[in-house]
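Protein chains: 4
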Amino acid sequence: MSCYILKIDCSDSKGLIYKISDILYKNDLNIEKNDEYVDAEIGKFFYRALISGEVNAQKVEKELRECMPKDVNISLAKKTKKNIIIMVTKESHCLGDLLLKNYSEELNANILAVVSNYDELKPLVDKFDIPYHCVSHENLNRAEHEEKVLAVLKQYDVDYIILAKYMRILSSDFVKHYEQKMINIHHSFLPAFIGANPYKQAFIRGVKIIGATAHFVNDNLDEGPIISQDVINVDHEFSWKDMQKAGKNVEKNVLSNAVELALEDRVFVHGNKTIIF
Amino acid sequence: MSCYILKIDCSDSKGLIYKISDILYKNDLNIEKNDEYVDAEIGKFFYRALISGEVNAQKVEKELRECMPKDVNISLAKKTKKNIIIMVTKESHCLGDLLLKNYSEELNANILAVVSNYDELKPLVDKFDIPYHCVSHENLNRAEHEEKVLAVLKQYDVDYIILAKYMRILSSDFVKHYEQKMINIHHSFLPAFIGANPYKQAFIRGVKIIGATAHFVNDNLDEGPIISQDVINVDHEFSWKDMQKAGKNVEKNVLSNAVELALEDRVFVHGNKTIIF
Amino acid sequence: MSCYILKIDCSDSKGLIYKISDILYKNDLNIEKNDEYVDAEIGKFFYRALISGEVNAQKVEKELRECMPKDVNISLAKKTKKNIIIMVTKESHCLGDLLLKNYSEELNANILAVVSNYDELKPLVDKFDIPYHCVSHENLNRAEHEEKVLAVLKQYDVDYIILAKYMRILSSDFVKHYEQKMINIHHSFLPAFIGANPYKQAFIRGVKIIGATAHFVNDNLDEGPIISQDVINVDHEFSWKDMQKAGKNVEKNVLSNAVELALEDRVFVHGNKTIIF
Amino acid sequence: MSCYILKIDCSDSKGLIYKISDILYKNDLNIEKNDEYVDAEIGKFFYRALISGEVNAQKVEKELRECMPKDVNISLAKKTKKNIIIMVTKESHCLGDLLLKNYSEELNANILAVVSNYDELKPLVDKFDIPYHCVSHENLNRAEHEEKVLAVLKQYDVDYIILAKYMRILSSDFVKHYEQKMINIHHSFLPAFIGANPYKQAFIRGVKIIGATAHFVNDNLDEGPIISQDVINVDHEFSWKDMQKAGKNVEKNVLSNAVELALEDRVFVHGNKTIIF
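Residue numbers (this note's numbering), protein chains in the order written: chain V, 63 to 339; chain D, 63 to 339; chain H, 63 to 339; chain Z, 63 to 339.
Treat the hints loosely; a few may be bogus.
One copy or two, either will do: identical chains are not told apart, so a pair holds if it fits within one copy or between any two.
Derived DMTMM-like pairs (lysine to aspartate or glutamate); straight-line CA-CA distance at most 20 Å [claimed, not checked]:
no. : residue 1 : residue 2
1   : Lys144    : Glu168
2   : Lys210    : Glu200
3   : Lys152    : Glu200
4   : Lys81     : Glu94
5   : Lys303    : Glu94
6   : Lys69     : Glu322
7   : Lys76     : Asp133
8   : Lys106    : Asp297
9   : Lys81     : Asp97
10  : Lys307    : Glu103
11  : Lys81     : Glu98
12  : Lys76     : Asp97
13  : Lys141    : Glu326
14  : Lys76     : Glu98
15  : Lys310    : Asp292
16  : Lys238    : Glu285
17  : Lys335    : Asp74
18  : Lys307    : Asp292
19  : Lys152    : Asp304
20  : Lys141    : Asp219
21  : Lys307    : Glu326
22  : Lys81     : Glu125
23  : Lys95     : Asp84
24  : Lys189    : Glu153
25  : Lys141    : Asp221
26  : Lys307    : Asp327
Think of the hints as simulated: they come from the structure by calculation, not from any bench.
My request is simple: use the sequences and hints to build the entire structure.
This is the structure:
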């Protein structure tokens, strides 16, 4: 018996949980686990359930749609592996962590390919028998380079693109192809130290804690909805290169965590925020 | 319009959420927030909701009881201040934190009294105009002392007794008067360092992290259901007295946190574990 | 036999530790503990030692000064209680924590007075028999108000002024009276969320971690040298008021920690950074 | 110009730092960084320095030895890569993290070989072109198996053996070959949950925090000197398998951290404790 994931969001109104559980009950389905959240300020309802039983997805979806508010979004699908592509530049720690977790079947994902603007990481990716596409940006302007990257990505049917230290800024034009489908790791505790070389910024400011932030990519650099953050302590003995070294563990853990949450359909995005069950 | 808290636990069976939400819906009540958890291993269902609307508590409870499994426990009550007594010995940090939080109305509680086996903390408690009962254990055996303490406690109608560094072991006989109603702070990361002087034990073992644990008191010393834990880093420069000093902040934060959870009816106890919503 | 604290900073040069330990050795003094740090980038040496023995402070200082670089700062003094004044507005949690720690003799300080622009906290301070000065800012411009506050402060011989949630911005003119002597708690993880209502800013940004920062006050709002920071996890269920409530524990712990470090002469300030031993 | 690491430990006496810095100064050497610690209780002195300049190691060691207490241990050596062997059973996360860090040259080590009692991890190790020795324990008693493992290990000149989830208990006879040279990762926050399946133990106890501990291996199971520990929060929703999964990140980070400290000669062992600079 398979496990299904039901995700619903809509404007809030009375009796939504009653209506959902009513329909599931009458379809003889079992709720293994459910979470809901109402954002009272904006009047918005979010719901996620793990369901077991003989699911007729089309029928259940139809019945739900009939009794829920008009603006409802419903997804009901068997829990399966998602297809992902990882984009990198030259650093291996985030990529390597995802490759290893995938190798030991800890990730609910198929890694279809790795795309980079350099070829430094090809030998590592080759070890795991995953296609590596090097799309150099040399002698290309941003638009030209992004077009070539897009041509590679479009060969694949992808659920999520993971920017595992891909160090080029993406244009709005590029981002709109994968809205809420691109997850980036930024090497600071956002919104502190937006932009280039956050460890150097942190060093100059003299902070006592540094961090990393995984977020969906939207139009504005480093301003997309945050999925996961973590921090570590530093002190006056840390040069910015020491911070950079120490930060690698945080970066890889935060990104892996965010990717796992997305792969398990546990993340809702609303406006600039995430709701995570 | 008041806010009510509904807590239900029972053996798990199909459609429980549907049945609960059905009854609430038909009573025209609104679920502001609900959490549920099924412990599949032991087949047990736990549910908590914040409810608004015109609640007829007796009627709703009756209707719920009729459609739920026979072993159901239901409580449905307006969210009000709980009555607590704090027990201490000589250390002021946990007591002081609770007194201050209560003074600034951050605790959902009335502190009815403070009970101690010493009079050291009377001046501090007097500042906050709370009755202080000193029940010295001198020249008394354990049973005699506990009888005198009990005589004091029984003057009050109490929801929770908070052992805020009360340094005497309580007998089973005493504990059974307040099952699941006594919360203790133990100054170690349980189950490490059960018993006397855990900081000295931690120092001797050479650990790199120390902690504190708030738990319900049951028959077995330091083995009751854990509500809250936290830790801090230490290193080789910490003597056990340094650990003791550094640990005070952790102790008071962990205890306050556990007390707040209990005061807001967010804790279920089952066997030796807590479910916290 | 008393314990002395020796603090030295100067431009770095060869053999500094040798020269210092040579002089201490020849004065028959014992180094109980010493820490040093060289900031290689700026060529600056920082040193702190706990010294026991029959200290002739004047003689030792003179000998040190003769063999150290010209720009040396030396302080050698018996470890004694510092004099502090606490400034507040209306919130009690940071103030209360310091009052309690001082009451139980955990702070190496004499609290000379509490100064506020409101009288809300007078009853709490009165409990601890500490003078409370209310200097209302009503009908005064900033300069006029600061002049009145300064008149109060100048009555006291103070080592540190602790801004324990004093919610008014201080002018450069005011700050220059107490350079490196005023410690502020800012209710965010600086440099994120500078300025007003950082919890609301954090809520709007949708962060997953919030924090607090204790720092020396300099000319630029929230940009002084950071002494201590800490964070806690939040999630989508936190309103900004929930963040504010949860943040109180972090604020008081971070401020207390920073104050303790300063009171024990463990903090050097250089430029916009702190070196903490 | 090379960087040297000087490590000294001996019984404490007056003027040790003076004597050391005197000798280094007269040999025209520069102390880039030094740390010292005196364990006053046991009267023991620990010192570590990074030294630059033209080091005549033999001469400096001789001069140090002449003026230090008789029980002194001195090591003075160029900072070079250490030789390590990794031992594993079937789990890949700790091994994989070390392989990746070594691949990207973040570890100060040569991984000479991986030794396992199973062949499951051979394909992963082969990817990184490192010799893999499978020494099955099938049909062998402990002594026989250990003899065969030892025969493999003795082919190599090794500085440290890393037990990266090697799930067999090692006899005292085995351990004595590599005293203070074997680092193990235990999947609990020691001394809580010594022995088999700590995650199951943690689940049964209902703890709210789980952790991992890296320690030197000595005669007594899970009781060797602790190098590094870390923890993560869990709640009632975690089955023991969830804890096990979540714990993997902590395990690998804690082990990597401990290994890095050892590889950089930053760890002293004394009795059952570590001093870490």
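Each hint, compared with the structure:
no.: 1; hint: Lys144 - Glu168; in the structure: within (13 Å within a copy, 31 Å between copies)
no.: 2; hint: Lys210 - Glu200; in the structure: within (12 Å within a copy, 55 Å between copies)
no.: 3; hint: Lys152 - Glu200; in the structure: within (15 Å within a copy, 44 Å between copies)
no.: 4; hint: Lys81 - Glu94; in the structure: both (17 Å within a copy, 16 Å between copies)
no.: 5; hint: Lys303 - Glu94; in the structure: between (47 Å within a copy, 17 Å between copies)
no.: 6; hint: Lys69 - Glu322; in the structure: within (17 Å within a copy, 32 Å between copies)
no.: 7; hint: Lys76 - Asp133; in the structure: within (15 Å within a copy, 30 Å between copies)
no.: 8; hint: Lys106 - Asp297; in the structure: between (43 Å within a copy, 16 Å between copies)
no.: 9; hint: Lys81 - Asp97; in the structure: both (15 Å within a copy, 17 Å between copies)
no.: 10; hint: Lys307 - Glu103; in the structure: between (41 Å within a copy, 18 Å between copies)
no.: 11; hint: Lys81 - Glu98; in the structure: both (13 Å within a copy, 17 Å between copies)
no.: 12; hint: Lys76 - Asp97; in the structure: both (17 Å within a copy, 17 Å between copies)
no.: 13; hint: Lys141 - Glu326; in the structure: within (8 Å within a copy, 36 Å between copies)
no.: 14; hint: Lys76 - Glu98; in the structure: both (14 Å within a copy, 19 Å between copies)
no.: 15; hint: Lys310 - Asp292; in the structure: both (12 Å within a copy, 17 Å between copies)
no.: 16; hint: Lys238 - Glu285; in the structure: within (15 Å within a copy, 37 Å between copies)
no.: 17; hint: Lys335 - Asp74; in the structure: within (17 Å within a copy, 34 Å between copies)
no.: 18; hint: Lys307 - Asp292; in the structure: both (15 Å within a copy, 18 Å between copies)
no.: 19; hint: Lys152 - Asp304; in the structure: within (18 Å within a copy, 33 Å between copies)
no.: 20; hint: Lys141 - Asp219; in the structure: within (17 Å within a copy, 49 Å between copies)
no.: 21; hint: Lys307 - Glu326; in the structure: between (30 Å within a copy, 15 Å between copies)
no.: 22; hint: Lys81 - Glu125; in the structure: both (10 Å within a copy, 19 Å between copies)
no.: 23; hint: Lys95 - Asp84; in the structure: both (15 Å within a copy, 18 Å between copies)
no.: 24; hint: Lys189 - Glu153; in the structure: both (16 Å within a copy, 19 Å between copies)
no.: 25; hint: Lys141 - Asp221; in the structure: within (13 Å within a copy, 45 Å between copies)
no.: 26; hint: Lys307 - Asp327; in the structure: between (32 Å within a copy, 18 Å between copies)
The structure is consistent with each of the numbered hints, conforming to all of them.
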